[in-house]
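Residue numbers (my numbering), protein chains in the order written: chain C, 2 to 397; chain L, 2 to 397.
The reader is advised that the hints may include incorrect statements.
[Claimed, not checked] To spell it out: a stretch of chain C is covered by chain L in this simulated footprint if at least three of its residues, at any positions, have a beta carbon under 8 Å from a beta carbon of chain L; those stretches are:
#, segment
1, 17 to 23
2, 55 to 67
3, 71 to 85
4, 145 to 158
5, 237 to 244
6, 259 to 267
7, 334 to 342
No lab work stands behind these hints, which were simulated from the structure alone.
Backbone N, C-alpha and C define an ideal beta-carbon position, used for all residues, glycine too.
Number of protein chains: 2
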Amino acid sequence: MITVEKALQTILENARGFEVEEVPFLESVGRVLKEDIVADRDFPPFNRVAMDGIAINHRFFEYGVRDFKIEGVQPAGSPQEKMENAAHCYEVMTGAVLPENTDTVIRYEDLEIDTLMAKVVLDEVEQGKNIHKQGSDRQQGAVLIPKNRIITAAEIGVLATVGKSMVTVSKVPKVMIVSTGDELVEVDQIPEAHQIRRSNAFTLVSLLEKLQIKAETSHITDDKEQLKEKIGEYLKKYDALLFSGAVSKGKFDFLPEVLEELGVEKLFHRVAQRPGKPFWYGIAEGKSVFAFPGNPVSTYVNCLAYFYPWFAKSAGFELKEETVILGEDVAFKPNLTYFLQVKIEIRYGHLVATPIRGNGSGDLASLTQADGFIQLPQGQTEFKKGETHSFIRYRY
Amino acid sequence: MITVEKALQTILENARGFEVEEVPFLESVGRVLKEDIVADRDFPPFNRVAMDGIAINHRFFEYGVRDFKIEGVQPAGSPQEKMENAAHCYEVMTGAVLPENTDTVIRYEDLEIDTLMAKVVLDEVEQGKNIHKQGSDRQQGAVLIPKNRIITAAEIGVLATVGKSMVTVSKVPKVMIVSTGDELVEVDQIPEAHQIRRSNAFTLVSLLEKLQIKAETSHITDDKEQLKEKIGEYLKKYDALLFSGAVSKGKFDFLPEVLEELGVEKLFHRVAQRPGKPFWYGIAEGKSVFAFPGNPVSTYVNCLAYFYPWFAKSAGFELKEETVILGEDVAFKPNLTYFLQVKIEIRYGHLVATPIRGNGSGDLASLTQADGFIQLPQGQTEFKKGETHSFIRYRY
Chain C
2 MITVEKALQT
12 ILENARGFEV
22 EEVPFLESVG
32 RVLKEDIVAD
42 RDFPPFNRVA
52 MDGIAINHRF
62 FEYGVRDFKI
72 EGVQPAGSPQ
82 EKMENAAHCY
92 EVMTGAVLPE
102 NTDTVIRYED
112 LEIDTLMAKV
122 VLDEVEQGKN
132 IHKQGSDRQQ
142 GAVLIPKNRI
152 ITAAEIGVLA
162 TVGKSMVTVS
172 KVPKVMIVST
182 GDELVEVDQI
192 PEAHQIRRSN
202 AFTLVSLLEK
212 LQIKAETSHI
222 TDDKEQLKEK
232 IGEYLKKYDA
242 LLFSGAVSKG
252 KFDFLPEVLE
262 ELGVEKLFHR
272 VAQRPGKPFW
282 YGIAEGKSVF
292 AFPGNPVSTY
302 VNCLAYFYPW
312 FAKSAGFELK
322 EETVILGEDV
332 AFKPNLTYFL
342 QVKIEIRYGH
352 LVATPIRGNG
362 SGDLASLTQA
372 DGFIQLPQGQ
382 TEFKKGETHS
392 FIRYRY
Chain L
2 MITVEKALQT
12 ILENARGFEV
22 EEVPFLESVG
32 RVLKEDIVAD
42 RDFPPFNRVA
52 MDGIAINHRF
62 FEYGVRDFKI
72 EGVQPAGSPQ
82 EKMENAAHCY
92 EVMTGAVLPE
102 NTDTVIRYED
112 LEIDTLMAKV
122 VLDEVEQGKN
132 IHKQGSDRQQ
142 GAVLIPKNRI
152 ITAAEIGVLA
162 TVGKSMVTVS
172 KVPKVMIVST
182 GDELVEVDQI
192 PEAHQIRRSN
202 AFTLVSLLEK
212 LQIKAETSHI
222 TDDKEQLKEK
232 IGEYLKKYDA
242 LLFSGAVSKG
252 KFDFLPEVLE
262 ELGVEKLFHR
272 VAQRPGKPFW
282 YGIAEGKSVF
292 AFPGNPVSTY
302 VNCLAYFYPW
312 FAKSAGFELK
322 EETVILGEDV
332 AFKPNLTYFL
342 QVKIEIRYGH
352 LVATPIRGNG
362 SGDLASLTQA
372 DGFIQLPQGQ
382 TEFKKGETHS
392 FIRYRY
């Protein structure tokens, strides 16, 4: 049995770099950016009018001129106009190019306009006012978004602005999720008294969807030959396999044996944690095999605690580390890391974790009441209200 | 000009209840649940073996018996067996039904097994040990997930378990996103010196995708007749319209005029906030029209601050309120609510907000550096490090 820290380290050492691919930018949300996004020109690309009003040549305002003849209009989206008479003004719209021969914009609120004349009703105007200067946000060639970032709506706007209609992102791995256990029936079936419906495979599908992985699923009965044949195929076809169940010490828990017979090198089996202890992990030709215990909470926490970091490392982005404050005392005697389900409340900028008293690793419904798992370290048995510990969040 | 609070209140008063629809459960992630999910039977549905080992009748252990003859095996997924001789034991697997005539499970770790005999190497065993009692997690009829909850991977597992292959969720509204402005060209075009690429419409599409809304987009040139004709069509066809641009005081900002001519009742225009002030909001036959100012940051913050709450209220779920701690002093003179872009760090369970010094509402790239907007209230001009304020998050 190894520690949670050692298990995670082992898995991260076996992260593999994913290849990259180009996708249409609007389909890139949630994907990991694999190229620096660079300003294709200055931002703004011209001296941009920032308020509706008039543009003047500030020198004349300084000379005492307050009444300016309107020489023309510069709308947004039109090529730059030239003001011929420097003592005149130009009506300008937000987003327009500042007309040649002008250097200051005065907004309508500070004007009285009479057909062809604009009167400025201010005593002072700063030169360059209400102009968003060319290149003042970002200069051409500047990195606007560094690679290895998860793309969100904010990045989509930048991609559009610099004309990246196709964008290079990390490929997602091909993943097969396999459930085992003869007690399982399909979701649309009525289980016999001794049966339950398949659920872990679908939970895993949803957890992987958050990473933009569209996983496939299959179910294999607790039959050694069947397991061997199917897993053999999957090992050829997929980059990672996730199992739920068949890794305990039961008579029909063939999985570890079958995996080793198929040449998957076991790196560990059993981690000093609760829930999720009988977790088996191995590799075969760079492919990772995560065999999670079949209890719903065990599968859930292990996917978050191990598969997510493996994926992040492989795709090249950093998972944010979160810490929360324990909201009540917790006692936990076993010499194991304790992944305790908690609900998070934000009180005055503090993340306070209240334990959900679930009924152990089989209690699926408790997952719907919690926001994540606080990670209480091995070797400590009393955890006091106010202590800060690591947190794995799954609900915001 | 109205306050942010009053603007939000006005919008929430015009939230509309969405209809409901049934979708396959695996497609329900991110949707708003509109039915209580109830346990279709006890959880667990039977006295469930929680460890691999043997099941015994505890009375015989009490009598001093330590060697138990193995009468049979009860695998997971098989109908309940009956142990004929109460002094015997049954081998049992995790997930199996507890055999009739047994009441306690002893795990393999506490046994020595010799073909047909199991010897218990413990001095004490609690009656009922290692059994996950029928109904101990949840009893038949109990509400496992109350309605009006956003469905995540945790809920997917429960839906599968209770056999909800189809689930009732809130319909998403039909939304049209309209960009305006003659200075805009498409993403795959090379803009002239005075032009920029369309980006806000795509940012809005992405922001709405997070709510599972698949919005459509269109672009209308700054032409009053065109605007009127197209918007007239959209008002018939969509539940909500989102605009970006054409609501300032410019000569070509026809939008408010056109909307009112089409019978959209203006509820406000201009909110005491920065950025995003010239926001126009109106309703027509229960449909909401959100006309955001065209600057990227203005559009972004207003979608989060107004459209998101409108959607949440309409769909019937509660947006979590978040607060963060200001990490440095901020001064802001205007008598406006200040939506300041900040980056969030979690330090020992505290959410600390560091302002991103962007370049105003036009600076799209600054959005990629921040995690959200801290909302600094109107009427205060000095904000001190350590103060707690509301926070609108867009990146985790």
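A quick look at each hint next to the structure:
{"no.": "1", "hint": "17 to 23", "verdict": "violated (count 0)"}
{"no.": "2", "hint": "55 to 67", "verdict": "violated (count 0)"}
{"no.": "3", "hint": "71 to 85", "verdict": "holds (count 7)"}
{"no.": "4", "hint": "145 to 158", "verdict": "holds (count 9)"}
{"no.": "5", "hint": "237 to 244", "verdict": "violated (count 0)"}
{"no.": "6", "hint": "259 to 267", "verdict": "violated (count 0)"}
{"no.": "7", "hint": "334 to 342", "verdict": "violated (count 0)"}
Violated hints, in rising order: 1, 2, 5, 6 and 7; the structure is consistent with all others.
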